[in-house]
Amino acid sequence: MPDGSILSDEFIRELINVGEVDILVGVPTHNDARTVGQVVQGVRAGLLKYFPRARSVIINADGSSRDGTRDLVRAASINDTFGSNLPALRTLHSISTQYEGPPAAGAALHTILAAADLLQAKACAVVSPESTSLEPEWIERLLRPVIREGMDLVLPVYRRHKFDGLLIRNLVYPLTRALYACSVREPYPSDYAFSSNLGTNFLNQDLWTQEQGRHGTELWLTLVAIAGRYKLSQSFLGTRGRLEAPPSDLVKAMRETAGLLFCSLDCYSGAWKGGHEPLPVPCSGCQPAVSLEPMRVNRKRLHQMFTFGISQLEPVFSSILSGPTHEELKRLASLPETEFALPGPLWARTVYEFAAAYHRAVIGRDHVVQALVPLFRGRALTFLQQNREASETEVENNLEELCQAFEAEKPSLLQLWDGEK
Amino acid sequence: MWNNFIHELTRAAEEIVQGFARFLPRVLEMLVIVLVGLVIAILLRGIARSILKLARFDKLSEHTGATQLLRGAALPSLTELVSRFVFWIAWLGFILVGISVLGVAGFDEHVATFFEFLPRLVVSLFILFFGLLAASFFSRAVLLGAVNANLPSPRIISWAVRTMIILFVLSMAFEELSISSRTVVVAFGMTFGALMFGLALAFGLGGKDLARRYLEKKFGSDSGAETREHEDELSAL
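As they're listed, the protein sequences go chains P and X.
Per this note's numbering, residue 1 is the first one in the first sequence, and the count goes up by one each step.
Per this note's numbering, residue 1 is the first one in the second sequence, and the count goes up by one each step.
Just to be clear, a hint being listed does not mean it is correct.
EDC-like cross-link-like pairs, simulated, lysine to aspartate or glutamate; straight-line CA separation at most 20 Å [unchecked claim]: (1) P:Lys122 - P:Asp22; (2) X:Lys59 - P:Asp418; (3) P:Lys300 - P:Glu149; (4) P:Lys49 - P:Asp164; (5) P:Lys122 - P:Glu149; (6) P:Lys300 - P:Glu339; (7) X:Lys59 - P:Asp366; (8) P:Lys410 - P:Glu394; (9) X:Lys59 - P:Asp266.
By construction, these hints were calculated from the structure, which means they are not laboratory data.
Treat the numbers as computed from the prediction; the structure is a model and nothing was measured.
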């Protein structure tokens, strides 16, 4: 059993008692007492309703919660509100374990993968404890393509507010799509499913002691699947509720997304430089995925932080960016908020120059990623202004334009990468 | 009289010739040592260059930001610099050994002093080099952190960090070389103390609102409009 050593003896004993399973659903937690009960009940109901004949287990990998999260998971497994009328053909096991070390999504996933490997689970799903809008159908939509259609990785598509997930929409999605010729809406998923084949491959990767094995591991899993030309699909899950405690550290988020994507360019240069055929990623049940309710965002602050960053980080930018790009950004910083716009092609060029600077390590790599934060604020402001009054179709069109700008600018990255510029 | 003069002149000339004859082999010996030293120094430079290239020292230098620093100062790469340093130290050592062969009175002591001084020189150069790298790295980290946290005057904070580290490094390097060590340490202590006092005053007087907001946010006594706006923005991002 690879990496069995990360599992505690007690946990292994519990897993042995369960025996082989067909489906494993992992729930990584850390102080999620407010939401985890509801999520586990939803998972349980989904398994009983849609996979009543499958041997299933729910594994909670907890990162030393101090709010009774683990007790709630155990209780939720017994007091099932969703599925009180559902017949159980097989015993649905629920196990909670505490992984060693500080809380990290990667450590939780590592534990879940090792458990899935030990139990020889044919399909594995991971759901976020913050997915309070999870319905039993989510489990079916995630696992069915793996079990019935032989998919290796099923990624979610959510209905989001048009201003939610700006980092995904303005950086992660267009960059992944342009580089790897693979159009996945949520490359950094919080609810997803994968096959035993991909799970075992990922478990055996030499990443668990590295940064991508601690944070941003879900994004890395997607990149491994894309680079390895696995079979990917997407499933529309419905509305994803807004997080009660949204991530408050944009620098950390940038490290987990842009940092990892830049890092992947070194690891998988053959996958993005080779000019592969686009990897098809069918989407099951996809609908217009944008909601338009009014939402208050402080655009003035974004503009102020962009201009402040441009003025203060001039020596850093001059070692990362080319002269024309830097000059253009400085010109934009001198514009008033009402006239400000960081257009897609310039943003794409900027991101590619950052990626090349990361590759060449012109300064510390973490510093390259941190320096992108104020510029991203400028792009986020442009996106907000551009889509302020936009309809669903217009938002989609604007996003498509941005993706095309990233694709059009890709040759400049190749030139920078090979040192031709 | 004339014979005496001729005799003395001949004797002096013989002594000069004999002295020269005694000295010439030493000169030749010195030249051989210097030339052999040159060859060995060139070899050492080549070996150092190869080892550093194999160890991807330039990559390390790029990671730490040293390459950027050297490029800014119009200096060659770090591998080249270290290789040249090895060459000059080796050749200088051979030159001094060669000169000592000439038997110049009191020169041996200077040679011995040089060889005693050499390890300390190398150590202090290392301290200086890595200290300057650390100053560059940490000042940039502080600059980026301050900009992303929207703190006022990030460049001044960054400059203060760089200055403090450079002062500290200089004091360590001079201490290693035993050059005016007391003066440098006292100067560092005074500057560091003054800077800390200044920062404490500046934070106390200028940052009281910031501290109040931070404490309010931390302990949740009052959430103002600005805080709410900030949360809105982060939520969207």
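Which of the stated hints cannot be reconciled with the structure, identified by number in ascending sequence? Going through the list in order, the structure violates hints 3, 4, 8 and respects the others.
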